[in-house]
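Asks: Sequential numbering of the sequence shown, starting at -19, is according to this note's numbering.
FYI, nobody ran anything at the bench for these hints, they're computed from the structure.
The beta-carbon is built from N, C-alpha and C at its ideal position, and this holds for glycine as well.
There could be a bad hint or two in this list.
[Claimed, not checked] Cross-link-like lysine-lysine pairs, in silico, DSS-like; alpha carbons within 27 angstroms at most:
id, residue 1, residue 2
1, K78, K124
2, K50, K78
3, K124, K84
4, K50, K124
[Unchecked claim] Each pair of labels, with its calculated beta carbon distance range:
id, residue 1, residue 2, range
5, F129, N1, 32 to 42 angstroms
6, R86, Y42, 15 to 25 angstroms
7, E26, P116, 18 to 28 angstroms
8, S135, N1, 19 to 29 angstroms
9, R86, R114, 17 to 27 angstroms
10, S83, G41, 14 to 24 angstroms
11, S135, T112, 34 to 44 angstroms
12, T112, L23, 32 to 42 angstroms
13, P18, R104, 35 to 45 angstroms
14, E54, R104, 20 to 30 angstroms
15, S22, T112, 37 to 47 angstroms
16, P101, G17, 36 to 46 angstroms
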Amino acid sequence: MNASACLYQFGILKRIRSDGNPIIWMDVRQSGRVLFGPRPESLVPEITPEMLFHALERELGYLREEISDKAESEWRNMPSYRAYAVLTVCRILYSLEKDDVVSKERAARWALRSLPEEWHPVIRQALRFDDTRRSPAIALHPIKQFIEFAGTQLSAGPAA
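Work out the full structure: start from the sequences and follow the hints.
Replies: Dropping the structure here:
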């Protein structure tokens, strides 16, 4: 996982020290849909629980950086990114608990059934967001708190 590679994200192409995202690889392996060519299992490595756990830590770190740490972040003030961040935290927590990857929406629905009620309002707001400029931006403070909650869960380690 230390090979140099490129990442195109948020309209920016840059060199990184990773050859991919295990969360995406896991999703590709599990999708089972082939339009043309070989099955994903022949191209994409098997993702171990340890690989997934470290990918979840990185994803949460990226969110923390953009939402909490970088005051000049262009992403933190975008309403769509705020909703994305909340739903991604739901998926991180789901993946931590279930050792599996599902859609952000499915993870958010799981979170509404499984997480403490204090997180339900921010999750519901993210689920309702429709990016038509009619949806209000989610306040930063509850997103920061939700990210820190997820960090606490991750620091406890993978579910056994």
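Asks: If a hint holds in the structure, say so; if it doesn't, say that too.
Replies: Hint by hint, here is what the structure shows:
Proposed proximity of K78 and K124 is supported: the alpha carbons are some 23 angstroms apart, at most 27 angstroms. Between the alpha carbons of K50 and K78 the distance comes to roughly 31 angstroms, so the proposed pair goes past 27 angstroms and is violated. Under the criterion of a C-alpha separation no larger than 27 angstroms, the hint pairing K124 with K84 is consistent with the structure, at around 18 angstroms. Restraint check for K50 and K124: satisfied, since their Cα atoms lie roughly 12 angstroms apart, inside the 27 angstroms limit.
Range check, F129 to N1: about 23 angstroms between beta-carbon atoms, so the 32 to 42 angstroms window is missed. Here the CB-CB span from R86 to Y42 is close to 21 angstroms, well matched to the stated 15 to 25 angstroms. E26 and P116 have their C-beta atoms about 42 angstroms apart, which leaves the hinted 18 to 28 angstroms range violated. For the pair S135 and N1, the beta carbons lie near 21 angstroms from each other, so the given range of 19 to 29 angstroms is met.
The given range of 17 to 27 angstroms is respected by R86 and R114, whose C-beta atoms sit roughly 25 angstroms from each other. A hinted range of 14 to 24 angstroms holds for the C-beta pair S83 and G41, which are about 22 angstroms apart. With their beta carbons about 37 angstroms apart, S135 and T112 fall inside the hinted range of 34 to 44 angstroms. Range check, T112 to L23: about 37 angstroms between beta-carbon atoms, so the 32 to 42 angstroms window is met.
For the hinted restraint 35 to 45 angstroms between P18 and R104, the CB-CB distance of approximately 41 angstroms keeps it satisfied. For the pair E54 and R104, the supplied restraint of 20 to 30 angstroms holds, since their beta-carbon distance comes to about 26 angstroms. The hinted window of 37 to 47 angstroms between S22 and T112 holds, with their beta carbons roughly 41 angstroms apart. The hinted window of 36 to 46 angstroms between P101 and G17 holds, with their beta carbons roughly 44 angstroms apart.
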